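*Asks:* Chain by chain, the residues:
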Amino acid sequence: DAKTTQPNSMESNEEEPVHLPCNHSTISGTDYIHWYRQLPSQGPEYVIHGLTSNVNNRMASLAIAEDRKSSTLILHRATLRDAAVYYCIPSSGGGADGLTFGKGTHLIIQP
Amino acid sequence: NAGVTQTPKFQVLKTGQSMTLQCAQDMNHNSMYWYRQDPGMGLRLIYYSASEGTTDKGEVPNGYNVSRLNKREFSLRLESAAPSQTSVYFCASSVSGGARSSDTQYFGPGTRLTVL
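Those sequence lines, one after another, are chains A and B. Sequential numbering from 433 applies to the first sequence in the working numbering. Sequential numbering from 3 applies to the second sequence in the working numbering.
Be aware that one or more of the hints could be misleading.
What the hints assert, rightly or not - Cross-link-like lysine-lysine pairs, in silico, DSSO-like; alpha carbons within 27 Å at most:
#: 1; chain 1: A; residue 1: Lys535; chain 2: B; residue 2: Lys11
#: 2; chain 1: B; residue 1: Lys59; chain 2: A; residue 2: Lys435
#: 3; chain 1: A; residue 1: Lys535; chain 2: B; residue 2: Lys59
#: 4; chain 1: B; residue 1: Lys11; chain 2: B; residue 2: Lys73
#: 5; chain 1: A; residue 1: Lys535; chain 2: A; residue 2: Lys501
#: 6; chain 1: A; residue 1: Lys435; chain 2: A; residue 2: Lys535
#: 7; chain 1: B; residue 1: Lys73; chain 2: B; residue 2: Lys16
#: 8; chain 1: A; residue 1: Lys435; chain 2: A; residue 2: Lys501
#: 9; chain 1: B; residue 1: Lys59; chain 2: B; residue 2: Lys11
It should be emphasised that the hints constitute simulated quantities derived from the structure, not laboratory data. As the structure is a computational prediction, the values presented were derived from the model and not from experiment.
The following block holds chain B by itself, in its conformation from the complex (with noise of 0.2 Å):
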């Protein structure tokens, strides 16, 4: 039971560049979500997805893209990256419900990007 995993771990990219952040849990929770996470600062959300098939805006969409890819997978996309994305980027995954239960959320070890 490996929980939530991330891929890539670190990733360092140029302005304008794209890529897909990877997230996926095996515990079969309806739940996902993506966080950002500045220096010294708490965690953000920027999209979240409470069952497969629906998404929905966090805190700090703008700049984002995710798909649902099935109930195990939740991705995050940037376009077209900017320096102001570099961050720590955390997938978290719970039962249902998230903040708004009682449920837990489950994180991933994070995704450390670079934008230059």
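Next up, chain A with everything else stripped away, as it sits in the complex (with noise of 0.2 Å):
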């Protein structure tokens, strides 16, 4: 299983820009690379994925280094509404067919 690697915790202002880096230096060649995040008393939402090239959506972005072995989760203007624990998720983690949640990183977002 790819073991992966995330700060405990981050601070960030709002509407700033947030970079929160995981690596996964074990990852196979066929991992995805998953994000989600977990907001205080919720169950945890999908962020991003991607497996090779650099992926964007509504939320975030994703930067996967040309190595696989790293990625950064990148939240373009921080609400308060971001703070959350963020969990970087390599797809084969699970073992049978689930997803492997290490502690993530918590994100605290200053108003």
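Two chains, two frames, a set of hints: combine them into the complex.
*Replies:* Set out below in structure tokens:
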């Protein structure tokens, strides 16, 4: 299973960009990189995923290193609603057919 | 379109009691999952069902049973609850293939279970 390393917590100011890093040095060539987030007292929600090239959607951008050993989730303009725990999950990390959630990065947004 | 719904939202049990957590999805997804989340931790997979009629163990299946009642519903049963099963339980669904594909998993709001 691919192991991931994320900072325990990060802090940012509202309306500024946020870059959330993730190291996944043991990722295999066919693993997708998924990002989910969990707002307080809620279930996780999908943010973005990618395989090799950078990806954009309405919520965020995902920058994947050329060697795929790391990736960065980019929130272009953080709002207070983006305060959550962010999980980086390589797709084979769940064994069976599930997702393996580490402890993630607790993102704190200051007004 | 309600997505993934779970009942109940909260439950308190005494050690040894049994209960069933219910989960339903209205997105016509093939795969469904049960996870648990302990305080300060990430989610761990208990059981999953890749398609109607099939179920498989995840990382932490001991003490639980599951039933894939039909395509929409996937229930989790605790036959004899223990304090170690105090946790928040999340149900999820995906079109198919779960983490081994690019499929997105959609999660319910969770059931907060306390076993005394």
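*Asks:* For which of the previously enumerated hints does the structure constitute a violation, in increasing order of number?
*Replies:* Per hint list: single violation, 7.
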